[in-house]
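K.L.:
This is what each chain is made of:
2 protein chains.
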Amino acid sequence: MFENKTTTELHTLGEFGLIRHLTAQIELQQQSSVRGVGDDAAVIDNAGMMTVVSTDMLVEGVHFDLSYMPLKHLGYKAVMVNLSDIYAMNATPRQITVSLALSSKFPIEAVEELYNGIYAACAKWKVDVVGGDTTSSKSGLVISITAIGVAHKDELVYRTTAQEKDLLCVTGDLGGAYAGLLLLEREKEIYKSNPGIQPDLEGNDYILERQLKPEARGDIIPMFKEMGLKPTSMIDISDGLASEVLHLCKESGVGCNLYEEKFPIDPMTFERARSFNLDPTTCVLNGGEDYELLFTIALGDYEKIKGNPHITTIGHVTNAAAGYNLIIRDGSVYPITAQGWDAFRKE
Amino acid sequence: MFENKTTTELHTLGEFGLIRHLTAQIELQQQSSVRGVGDDAAVIDNAGMMTVVSTDMLVEGVHFDLSYMPLKHLGYKAVMVNLSDIYAMNATPRQITVSLALSSKFPIEAVEELYNGIYAACAKWKVDVVGGDTTSSKSGLVISITAIGVAHKDELVYRTTAQEKDLLCVTGDLGGAYAGLLLLEREKEIYKSNPGIQPDLEGNDYILERQLKPEARGDIIPMFKEMGLKPTSMIDISDGLASEVLHLCKESGVGCNLYEEKFPIDPMTFERARSFNLDPTTCVLNGGEDYELLFTIALGDYEKIKGNPHITTIGHVTNAAAGYNLIIRDGSVYPITAQGWDAFRKE
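One line per chain: the protein sequences are A and B, in this order. Residue numbering for the first sequence follows this note's numbering, starting at 18 and increasing by one per position. Residue numbering for the second sequence follows this note's numbering, starting at 18 and increasing by one per position.
If we strip away everything but chain A, and leave its shape as in the complex, we get (with noise of 0.2 angstroms):
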C-alpha cells in the first residue's frame, strides 16, 4: 500500500511524538474552543460555565489482558481513566460517551458485565452515560470514552501554569498499581505453565485493586475547594510519575527538583516491589496506572495543605535552566527521565 513512498515507523516517534506531530498544525477557529489537543482535556466556552471533554481508548492486547482482567473492572476502570482526566482540570465530570468495538467470541453476557462496571464507576461519580456507538471488530475488544464535564472558568487549572518557586504535590500513593500487575503477569505465566496451579494472589488486595479497580480522584476537587485552594497546575498520573512531571513542566515552561525520600509509596507496593528486585522508586517513576493527581500549588498555601493524609509534598519547581531533577535518599542528583508507559514502544 505504501510502497513507493518513504516511510517512518510509529515507534520512532513514540506516542507523544506522534500526537504532537499530527496535531502541530491545528489552528482552532471557534471562538468556543478554549484549549484543544495538549492538556488532560479540551475546553469549550459556554458563556462562563466551561465544558470540559477528554477521550480515551482501550484496546485488547495493548492497555488489557482479559486473561487476568474481569470484565467488570474493565469496564469500571476505562471509565475511571476518562474521569481522571476531568478531574485534572479541576472539573467535574457529568456525562460520558461509550464506544465498543466487539468480536463474536464476546456474548451478550459478557457485554452486559462491561457495561455492569461502567454503570457502577458512574453511578459512584454521579455521571451519565449520554450516548455512544457498538460495532463489531475482527478482532479484540476496543473501548473509546469520551467523558464530558463543567467548571467555572476560573476555576479550571491547566498543566502549562506552574510557577517558580511553587511547590509540587501528589494525591494518595504510587507504584501500587504497577505493583499489581507484576504480580498478575507473574501469576499468568505459572497459570500457563502449569494451568493446575491456583494463583496465588491473596494478602495483596490492596495493590490488585490498585491495577484492576482503580478510583479516580473526584474526592480531591471539592477538598480543594472547601480548604479554598487552587492549584497552580495539574495533571493525572496515567503513565508514571517521570513522565508526568516531565510534561507539566515542559508545558509550564519551569524545572523541577524531586526528593526520593518524599515519595508516597504504600508498604505492600514496596514488599512486592523488592520481592521482584525492584527499585521501588522505579514502580513510582515509570510505573503508571496510579491515577492519582500531581498539582503545584503557591508556597503560601503549604499551610492549607499541611498534614493533609491524601496530599503529600514530593518536591519544587524550579527554574528551566535548572533542569528536570531527582534527589535520591543519598543526596546525589539524577536528570528525570521520561521512562513511562508508551503505546508504540517496540518491545
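Just so you know, not all the hints are guaranteed correct.
It does not matter which identical chain is used: a pair holds within one copy or between any two.
Within a straight-line C-alpha distance of at most 16 angstroms, the following computed EDC-like cross-link-like pairs (lysine to aspartate or glutamate) qualify [claimed, not checked]:
{"#": "1", "residue 1": "LYS122", "residue 2": "GLU26"}
{"#": "2", "residue 1": "LYS230", "residue 2": "GLU306"}
{"#": "3", "residue 1": "LYS230", "residue 2": "GLU130"}
{"#": "4", "residue 1": "LYS242", "residue 2": "GLU320"}
{"#": "5", "residue 1": "LYS141", "residue 2": "ASP236"}
{"#": "6", "residue 1": "LYS209", "residue 2": "ASP82"}
{"#": "7", "residue 1": "LYS143", "residue 2": "GLU44"}
{"#": "8", "residue 1": "LYS141", "residue 2": "GLU44"}
Since the hints were derived computationally from the structure, they do not count as laboratory data. A quick note: this is a predicted structure, and the numbers were derived from the prediction, not measured.
Got chain A sorted already, so can you dock chain B onto it with the hints?
P.N.:
Frame of chain A, contents of chain B only:
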C-alpha cells in the same frame, strides 16, 4: 472464559437491539443531561445554549476496506459521519475529538494522510479538533470520533416528535453510496483474480464520491433558518431509508406512507443498480451511507420547501395503527422492514 454461563451470541440481538438492551437501565442523573442515548446525539444544557454530542466508531474490515478506501478519504468520511449526526439535531458542530488505534503496519505518512482527510473535513465545516487519543492496536485500524455541537434550546429537532399528517422529506438523492460500494467491490474482485487489470471506474465519479467522500448536509441547517422552517422531527440517513424511517416513526409513535415514485435517485445510481441486476429502490431503502437528512414538516410548511432542489417530499406521516407502508409504482402496498446495515449481522 465464559464456559459456565448460558451465553447469547451478539448477532441474535443486532446492533440496535444490543444498544437498547444495554442502555435500557440508564437513568439520567444530571439536570444538564437533557437527552441521552437514543437520538442522533446527546444534549447537554448550559443555561439555554445546548451542547450536542455524538460519537461514532469505524473499524477496519467492518466499516471500511483499505484496499480501495484511500486513508485521506477515510479520515474525511469518519468526520462527516459524526457531523451528520449533529446536523440531524438541527445543531451546528463546533469541535471533535479523534481517537485512533493503529497497528504498526501504518507508517507515520499513512497516519498523516488520515489526519489530512480529518483536517480537510474540519476546515470545510469550520470544526476544531480539540482532543483525542492515539494508541497502538494488535490488529486493524479503529477510528473513534466524538463531535460536539451547539444549538439554542428551541432550535433542537429530535427524532421522537413527528406528528400525524406531517410530510416526510429527504435532502439530496439516495442509494448512490451503495451503488458506489458495489462498483468498488466488483473491481476489487476482478483485481484479486487478475492483478494486471486496471480498475474500470471511469464515468462513475458521482457514485464513487458518494461512497468514498460523503458530505454531511451542513448546508441544510442554515437553509432551514433562512426559510423560517423548523422540521418537526429529523434523523440522518446512515443505514438506509427503511431503517431510518422506522426509527423515526417508532420513536415518534406514528406510522408512514412512502411513495416509491417520489424517491430521489440520481440517474447514475439508477443505471449502476440496474447493471448489477438490483432494483434501485432497494439501494435507496437498504443501501445506507448516504448521510442525507430525513425529516418531517408540518403540512402548513409545504410552501416553504416547494420547488427547493435540495428537498424531496417522499411521503407522509400516518397514525401508528396504519403501519409503515411503501406504495410502489403500480399502486400496491408493502410493509417497510428494516434491512439496513447491521454491524452484528452474520454473513
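K.L.:
For LYS230 and GLU306, with the copy left unspecified, which applies at a CA distance of at most 16 angstroms: within, between, both, or neither?
P.N.:
within (10 angstroms within a copy, 39 angstroms between copies)
K.L.:
Checking LYS122 and GLU26: alpha-carbon separation at most 16 angstroms within a copy, between copies, both or neither?
P.N.:
Classified as between; 8 angstroms across copies, 31 angstroms inside a copy.
K.L.:
As a check of your reading, is LYS242 near GLU320 (CA-CA no more than 16 angstroms) within one copy, between copies, both or neither?
P.N.:
Close inside one copy (15 angstroms), not across copies (57 angstroms); limit 16 angstroms.
K.L.:
Is the C-alpha distance from LYS230 to GLU130 at most 16 angstroms within one copy, between copies, in both cases, or in neither?
P.N.:
within (14 angstroms within a copy, 38 angstroms between copies)
K.L.:
Within a copy, between copies, both or neither: which one fits LYS209 and ASP82 at a CA-CA cutoff of 16 angstroms?
P.N.:
Cα proximity of LYS209 and ASP82: one copy only (14 angstroms, versus 36 angstroms across).
K.L.:
Evaluate LYS143 and GLU44 at a C-alpha cut-off of 16 angstroms and name the case that applies: within, between, both or neither.
P.N.:
This pair counts as between: shortest inter-copy Cα distance 11 angstroms, intra-copy 34 angstroms.
K.L.:
Is it within, between, both or neither when you check LYS141 against GLU44 at 16 angstroms Cα-Cα?
P.N.:
between (37 angstroms within a copy, 14 angstroms between copies)
K.L.:
Classify it for me, LYS141 with ASP236: is the Cα-Cα distance of at most 16 angstroms met within a copy, between copies, both or neither?
P.N.:
within (11 angstroms within a copy, 42 angstroms between copies)
Of the numbered hints listed earlier, not one is contradicted by the structure.
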